[in-house]
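Visitor: Residue numbers (the working numbering), protein chains in the order written: chain A, 1 to 111; chain B, 112 to 224.
Hint data in this document are derived by calculation from the structure and do not stem from the laboratory.
Be a bit skeptical, because a hint or two may be false.
No farther apart than 20 Å at their CA atoms in a straight line, the calculated lysine to any residue pairs in the SDA-like style are these [said to hold, decoys possible]: (1) B/114 - A/41; (2) A/71 - A/37; (3) B/165 - A/98; (4) B/114 - B/196; (5) B/216 - A/58; (6) A/55 - B/216.
Below are the chains, spelled out letter by letter.
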Amino acid sequence: DVKVTQSSRYLVKRTGEKVFLECVQDMDHENMFWYRQDPGLGLRLIYFSYDVKMKEKGDIPEGYSVSREKKERFSLILESASTNQTSMYLCASSIPLQPQHFGDGTRLSIL
Amino acid sequence: LAKTTQPISMDSYEGQEVNITCSHNNIATNDYITWYQQFPSQGPRFIIQGYKTKVTNEVASLFIPADRKSSTLSLPRVSLSDTAVYYCLVGPDSGGSNYKLTFGKGTLLTVNP
């Protein structure tokens, strides 16, 4: 079974802090994704990566950056956290032509 | 990008067949249609994927008409544990630099006793 692990289930940070969300998958998947999920808005793609050191912007990349130094790990970075980035963050991975597998999410609160 | 439209919510009763329709008028030739299920405090879980006509697995069926501008997820004989949000996803699913996905806003299915 594919396992996508997000480093924290719950995280509380302060405005202006630099925040790192980590995601690791154990199935050697090429593709990895970061989404955020907000009530009434569904899932929105922030960034995705189709290979090590490769990244593409999703629909809402503003205020975020990503890092993929190793195939199994995809990090989402909030350079200077703001209250409007309070959300549920979901990581996913996949191989081409196969569905995405999701982690259980990180609920991030920015105070 | 193919935008998707789904009903915001649906109600049903245990034992009924439930059909959830997703519209995707701008679907591209190389796009697949994928449905996910999500329970509270969990990540979405893959249900079924198709390209055209009909696909069936042990959980659901997916009906896609010839023009592919819509699709219908069919859940046979639902139970209370099928209460969840169902997402329709349209995308090329092939990786590469043009790989972008569109999630619908999801349909909250409530199954009543």
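Visitor: Holds or violated: residue 216 of chain B and residue 58 of chain A, Cα atoms, limit 20 Å.
Guide: holds (16 Å)
Visitor: Residue 114 of chain B and residue 41 of chain A: Cα distance at most 20 Å?
Guide: The hint holds at about 13 Å.
Visitor: Measure nothing beyond the straight line between the CA atoms of residue 55 of chain A and residue 216 of chain B; if it is 20 Å or shorter, mark the hint as holding.
Guide: Given pair residue 55 of chain A, residue 216 of chain B is violated - Cα atoms ~25 Å apart, limit 20 Å.
Visitor: So if I understand the rule, the pair passes when the alpha-carbon distance is 20 Å or less; does residue 114 of chain B with residue 196 of chain B pass?
Guide: holds (18 Å)
Visitor: Decide if the proposed pair is consistent with the structure: residue 165 of chain B and residue 98 of chain A, CA atoms, cutoff 20 Å inclusive.
Guide: This hinted pair holds, its Cα atoms lying about 18 Å apart.
Visitor: Take a quick look at whether residue 71 of chain A and residue 37 of chain A sit within 20 Å of each other, Cα to Cα.
Guide: Cα-Cα ~24 Å, so violated.
In this structure, the hints that do not hold are numbers 2 and 6, in rising order.
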